[in-house]
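Enquirer: The primary structure of each chain is shown beneath.
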Amino acid sequence: MSDHLCHVTDLEALERCAIHGRASLYPERIKIMVGMATCGRAAGAAEVLEAVHEEVEGKHLPYAVAETGCIGWCSQEPLLDVWVPGQPRVTYGRVKPGQVRDILAELPDPKTNLALAVMTGDDNALTGKRISYCNGGDGHVDGLKSYADLPLFKRQLRIVMRNCGIVDPASFEEYAARGGYRALWRALFSLTPREVLQEVLTSGLRGRGGAGFPTGRKWQAVCEAKGTPKYIICNADEGDPGAYMDRGVLEGDPHSVIEGMIIGGYTMGAHEGVIYVRDEYPLAVARLSEAILQAQRSDLLGKDILGSGFSFNISITKGAGAFVCGEETALIASIEGRVGEPRPRPPYPAEQGLWGKPTCINNVETWATVPVIVQRGGAWLSAIGTGKSKGTKVFSLVGNVTNTALIEVPMGTTLADVVNEIGGGVPAGRVCKAVQTGGPSGGCIPAAMLDLPVDYESLTQAGSIMGSGGMIVMDDHTCMVDIAKYFLGFLEDESCGKCFSCRVGTQRMKEIVDRISKGRGSEEDLKLLEDLAWLVGETSMCGLGQSAPNPVLTTLRYFRDEYLAHIREHRCPAKVCKELITYSIDPVTCNGCGACISLCSGTAILGEKNKLHTIEQAKCTKCGSCLETCKFDAVLVN
Amino acid sequence: MIRLTINGSSVQVEPGSTVLEAARLYGIPIPTLCHDDGLSAYGACRMCVVELGVGHLVTSCNTRATEGMVVRTNSQRVARARRLLLELYVATSPQSKRIQDLASAMGVRECRYEAKNEDCIQCGLCVRMCAEQMMGGAIGFAGRGVSRRVARPFDQTSELCRQCGACLYICPVCELRCQASTADTALCSGCLNFSPSCFKTYDDAMCFLDPCHACELTGPFRADARTSRRAATTAR
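Listed in order, the protein sequences are those of chains A and B.
Counted the way the working numbering counts, the first sequence spans residues 1 to 638.
Counted the way the working numbering counts, the second sequence spans residues 1001 to 1236.
Honestly, the hints are just simulated from the structure, not real lab data.
Just to be clear, a hint being listed does not mean it is correct.
[Unchecked claim] The calculated DSS-like cross-link candidates involving lysine-lysine, where the alpha carbons are at most 30 Å apart (straight line), are:
1. B/K1116 <-> B/K1097
2. B/K1116 <-> A/K518
3. A/K578 <-> B/K1097
4. A/K226 <-> A/K318
5. A/K622 <-> A/K609
6. A/K31 <-> A/K59
7. A/K318 <-> A/K357
8. B/K1116 <-> A/K527
9. A/K622 <-> A/K575
10. A/K619 <-> A/K518
11. B/K1097 <-> A/K527
12. A/K575 <-> A/K611
[Said to hold, decoys possible] To give an idea of the interface, some chain A residues facing chain B are shown, with a C-beta separation under 8 Å as derived from the structure:
13. G497
14. C499
15. R508
No experiment lies behind these values; they were computed from the predicted model shown.
The beta-carbon is built from N, C-alpha and C at its ideal position, and this holds for glycine as well.
Start from the sequences, fold in the hints, and give me the full structure.
Expert: Take a look at the structure:
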């Protein structure tokens, strides 16, 4: 941990840090790790960790206990890993505090009947080296799959998430042990700023925040811009519903972002960096603050970094939760203390950004990729991916999918591979209907188009966008009108409201879609909706407004029949829209168990025990709890 | 001087001019709702959008004219955007004569939305007027999205407010309000009908309003009808 923090004055000192790090990463005693990112904590990881501590301290066991970030296997949180030196790392999923005693009792022979999978080693994207955990053996454990064979991990290539779920995010030494800050070293002492820029240009890296602007060209513009001082900003104002890529990286590996930013500062001649992170990510803020402090104390931030003469510092600004502050000009306004409203570009932030000075804004993922580019060369990254989209992209795979997960795949992987293979498809008995990418600015891609490769161009062509990486899988129980309504509701709240077309346009679109979802729409409404969507996209100033119609336009484009069913037949095909469905009880299958009666919030279910139940329509709030609770499928929805 | 092309004509303007200024200098009309020559450009009403060949439409009031720029101020795309915008404006603030006038001038003949009578279109003229011309700064915007509004600090009258009324004076919605809010449609096509709704409210609808374009062209307010009607009123 950070007790014996190294003072990095030269490469040897960094190596000494790395040795400390290796000692805690791969200790010579048994190590217990708990995934303590927000996702893990939400599932109860803190209690599991407490149970581990109690057990280890109570019995004076000579085990090392560590926290780690999110490895991305969200559906199995809380995750507990046991690593016995010389043996594969054994992962336990959905661990309950009560199971901890059992798991630890069997050590050093892990209790594999409770385990999920084993990790025999890992590939470090930064160094290109594979670290084997198994003393040269293949680490095979009977009955357990290796991570490398799990569909969830097999297709992944982890560059941005290279350390997530492996290192302790609070440990600077462990980051160094994984090859961290070598890229900074290489940049400062072996490369000129121009050479670093050339590497980034060669890599073909594009902004991971959503728009996909070539990072190298943005950097070049900042390099060439007149005016000092220059600023570096890391955009960590992640706000898309269902997206948590940045959080995963910040909570799992904050140093990678910091290292990327320092390299960026060196390349562009900036001496100050700001991380704009939303306040709803308290753990990410804490991890970042800690990492910045560590870097400062180790001479990796501050004046005269590593004796190179280059000075750079990073501060954190916490965002107050406005979605629009993820837009770069609004973000800058927010840092400056003004209302978070976008302003027209040009001038671009590269010319006039923070405090009117040249500013480079990149997303968390982009910054975390930079050290790898410097370390392994731009050509290495550009060999991964498709023609115009290089490298890898992190996605949060959520919704009606078996493995909800945080994954990182090479660009060009098809949606089908992501959803069906990595995600394990939709749960049994359901049919995949659509995949929503890009958050509220993105669109719904129908299941028929799942062979679409995931890259900037293909997704844009399909009417959606890459966005920051939210990927929501929807099954046949999802109503696309309802989805459009949901996203419009989000946008009407989150539009900054300056442009009339965006503010009023999203409100009116929501109004129309709401009307349709209640069965009160007309076919003229669809034309109006299309007109309005065109208007909002065409006349709004910033990216939020320009992409706001996408959820409506893509659902209209691919699921028009569903809109028409609501309008013409007053029917919701997915049986979601409350105004258009009724609940009833099948007199044949109902055995009068009474389970639904006790749950019904509106006391709408009549009947006695062992007698047929009926639903009184006037009182029914259509909450659906009877449907969920009935074990005999006796509740019908029409 | 900067040379640019507006609607096919090449024009020259001083460096630093906006596209709107360039167009108006040469007598090319661009409608605006949130622009005033004495105030800073804001770009909120989106009425002054123009086409620059590539990309989205941009607001001419806060886009600088650059050398070689090709501007189209009234292309089909621009006209469609303005008509659709005005339809939204009419539904938001049907009582504003300025908006009704623009709508009829731009050929908006239907309003497909339910009228909301929100009145304030958040053009920000009052806020800028107060801050920039009156050196007051007594009002500003609060909230975002649905809850955005022009507000006083903490909803209390600011000490900075001298009650000068400049905000009222410059408001495109407050001034010249048509009081006939009972019209069946949000769009004032009253005069296109033979029984304009405002006649029910006022004896003489001409009391202080100039007729809107639609009325002048075809309605009972057209020049000849106007004289006869006025004569009739006087006689009564």
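Enquirer: Hint by hint, note whether the structure agrees.
Expert: Verification of the hints:
The hinted pair formed by B/K1116 and B/K1097 meets the criterion: a straight-line CA distance of about 16 Å does not exceed 30 Å. Our distance criterion of 30 Å between C-alpha atoms is met by B/K1116 and A/K518, whose separation comes to about 20 Å. Distance hint between A/K578 and B/K1097 is unfulfilled; the C-alpha atoms sit about 41 Å from each other, more than 30 Å. Pair hint A/K226 plus A/K318 holds up; C-alpha atoms about 29 Å apart against a cutoff of 30 Å.
Proximity of A/K622 to A/K609 is assessed by CA-CA distance (about 22 Å); at most 30 Å being required, the pair is judged to hold. Between the alpha carbons of A/K31 and A/K59 the distance comes to roughly 15 Å, so the proposed pair stays at or under 30 Å and holds. Of the pairs offered as hints, the one joining A/K318 and A/K357 holds, with about 21 Å between alpha carbons and a cut-off of 30 Å not exceeded. At most 30 Å may separate the alpha-carbon atoms for a hinted pair to count; B/K1116 and A/K527 meet this at roughly 21 Å.
Taking the CA atoms of A/K622 and A/K575, the gap is about 11 Å. The hint holds against a cut of 30 Å. Only pairs whose Cα atoms come within 30 Å are accepted, and A/K619 paired with A/K518 is accepted, the gap being roughly 18 Å. Between the alpha carbons of B/K1097 and A/K527 the distance comes to roughly 28 Å, so the proposed pair stays at or under 30 Å and holds. Only pairs whose Cα atoms come within 30 Å are accepted, and A/K575 paired with A/K611 is accepted, the gap being roughly 27 Å.
For the restraint placing A/G497 at the interface with chain B, the shortest Cβ-Cβ distance is roughly 3 Å, inside the 8 Å limit, so the hint holds. Interface restraint check for A/C499: the shortest CB-CB distance to chain B comes to about 6 Å, inside 8 Å, so the restraint holds. With a least beta-carbon distance of about 6 Å to chain B, the hint placing A/R508 at the interface is held under the 8 Å criterion.
Hint compliance for this structure: hint 3 is the single one not met.
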